[in-house]
Amino acid sequence: MRFMCMVKMDETNPQGDPPPELYEAMAEYDREGRVNGTLIDSQGLLPSAAGAIVSLADGKVKATDGPFAEAKELVGGYAVVEVHSREEAVELGRRLMQIHVDHWPGWEGSVEIRQIAEY
Amino acid sequence: MGDETTRAAIEAIWRLESTRLIAALVRIVRDVALAEDVAQDAVVAALAQWPGSGIPDNPGAWLMTTAKRRAIDVFRARARHDQAAARLAHELSETVDDDPGAGIDHVEDDVLRLMFICCHPALTEEAQTTLTLKLVAGLTTREIARAYLAPEATVAQRVSRAKRTLAEAGAAIEEPSGPERAERLETVLGVVYLLFNEGYSATEGEDWMRPALCDEAVRLGRILTALVPDDPEVLGLAALLELQSSRLAARADAHGEPVLLDAQDRRRWDASRIRRGLDALTRAGALVADAGPDAEPGPYLLQASIAAEHARAASVDDTDWGRIAALYEQLGRRTGSAVAELNRAVALGRARGPEAGLALLEQLADLPALRDYHLVPSVRGDLYEQLGRGEDAAAEFERAAAMTSNASERALLERRARAAREPRGDRGVSS
Chain A
1 MRFMCMVKMD ETNPQGDPPP ELYEAMAEYD REGRVNGTLI DSQGLLPSAA GAIVSLADGK
61 VKATDGPFAE AKELVGGYAV VEVHSREEAV ELGRRLMQIH VDHWPGWEGS VEIRQIAEY
Chain B
120 MGDETTRAAI EAIWRLESTR LIAALVRIVR DVALAEDVAQ DAVVAALAQW PGSGIPDNPG
180 AWLMTTAKRR AIDVFRARAR HDQAAARLAH ELSETVDDDP GAGIDHVEDD VLRLMFICCH
240 PALTEEAQTT LTLKLVAGLT TREIARAYLA PEATVAQRVS RAKRTLAEAG AAIEEPSGPE
300 RAERLETVLG VVYLLFNEGY SATEGEDWMR PALCDEAVRL GRILTALVPD DPEVLGLAAL
360 LELQSSRLAA RADAHGEPVL LDAQDRRRWD ASRIRRGLDA LTRAGALVAD AGPDAEPGPY
420 LLQASIAAEH ARAASVDDTD WGRIAALYEQ LGRRTGSAVA ELNRAVALGR ARGPEAGLAL
480 LEQLADLPAL RDYHLVPSVR GDLYEQLGRG EDAAAEFERA AAMTSNASER ALLERRARAA
540 REPRGDRGVS S
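Line by line, the protein sequences are chains A and B.
Using the numbering used here, read the first sequence as starting at 1 and increasing by one per residue.
Using the numbering used here, read the second sequence as starting at 120 and increasing by one per residue.
It is possible that some hints are incorrect.
Simulated restraints, written as ranges between beta carbons of each label pair [to be verified]: (1) A:Lys8 - B:Asp176: 27 to 37 Å; (2) B:Asp381 - A:Leu56: 38 to 48 Å; (3) B:Arg508 - A:Arg31: 52 to 62 Å; (4) A:Lys8 - B:Ala203: 49 to 59 Å.
Bear in mind the hints are in silico, worked out from the structure with no lab data behind them.
Backbone N, C-alpha and C define an ideal beta-carbon position, used for all residues, glycine too.
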């Protein structure tokens, strides 16, 4: 079974920019995921200023360039993992948070873990 | 966290950690059985302690440290009679508390060494596959027993016998290098391929496929590309398994009955696996091209190239059967495989018409490797059917049905025999 783990955060980074150690720890996380065969894909996302939202309301499709007005709970990166159980995905998500505990003091956020539908 | 939740979390952590944990411990204690024992002891300790203490921040390092301490105890107990054990106990106790992460920083080398050990030439093929599932894929004895429809006790016995053989052969001490390393890597690839094939078309039993076995093989293929990133055959095998497994969901209907290529709903093919497969194939091809003008693709890369032709085609008619026939020809030349030639007959039948396929098939049918192979009459039946020779086709399908040991496949062949006897036009393309 596959899961998408989305790291959500306040993109205004009230606690400052991510330190280099965070990137190193993320690289190590990816390496572990490749060696145990669970990691399918992982990417970091640029701030919403580089993106846009296309929405449909009142029958009208409208595109709005970033940055997004609501910056508090934005996806900052994701990992797609293939595992045997939801518990494994949760453990991989917990590790993502532990990396932030260890390397980015003051950071707060969450990992949203969603199972990918397979038919 | 409740006990049950913690237990489930520990099981998940074990799944994620067991391979590199055992792999590192084998390097340290130089004994497969002991490495597995002390790793198990560490899990037992976690089950006792974590429900009360909570799960540590770095559970992998915790398990490693606990297992090492346990190994020190074992060596100390042996030290009185055994100087080597005394030395190991001393060495280990010097390092155990330095850095909780230490010992898992050679992870690629460790895991590859573990794979080499599981595929040691002193072991039978059956022992190699079983140990690989147990120690590298991290399956329990019960899960392996279920996958092979074997009694759990039989699998347990097979594992302990294999570990004894490894100890006698000194497998955990040697480091294969040069041509020996290349040969061992080839065995590892062969074992993963075998695991996949057993899952993809089970030779025995009721079920046509055992997808769990396929998934483990795909994962082992992915792991191998992380351990040996620059080998075209490693990438070729990984590509092949991604591409073949992309069709798993479409290969069986709601009742678990086989659905053959022509009838598969290609929208159900797994696009993510196809993408990964094609990507690995491209990288493998580039490595062969870099190796110079005389370099030729190996058997896994050739098979992956064939699988890719199917993955790229929108339908059976849209498939480049001429190229597939050429690839099978190359594969047959490279491996001497009679099955590759049989597949070439199928592809030729599609590319140039059933007569061309039959002409090649008749040259092959008496090869010793194919004499008892049910797919020979099955392919012949298919070609007769395309020629409108319904009665001849039915007889061939019936012969094939009598030759297979897989129940689902037998039922499919019997259905095809009945369908071949019906007047043409009443049935769709079902080959």
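Is the gap between the beta carbons of Asp381 (chain B) and Leu56 (chain A) within 38 to 48 Å? 40 Å, holds
Could one say that the CB atoms of Lys8 (chain A) and Asp176 (chain B) fall in the range 27 to 37 Å? For Asp176 (chain B) against Lys8 (chain A), whose Cβ atoms are near 21 Å apart, the range 27 to 37 Å is violated.
Cβ distance range 52 to 62 Å for Arg508 (chain B) and Arg31 (chain A), holds or violated: Since Arg508 (chain B) and Arg31 (chain A) have Cβ atoms about 58 Å apart, the given range 52 to 62 Å holds.
Cβ distance range 49 to 59 Å for Lys8 (chain A) and Ala203 (chain B), holds or violated: This hint holds: roughly 53 Å between Cβ atoms.
Checked against the numbered hints given earlier, the structure breaks only hint 1 and satisfies all the rest.
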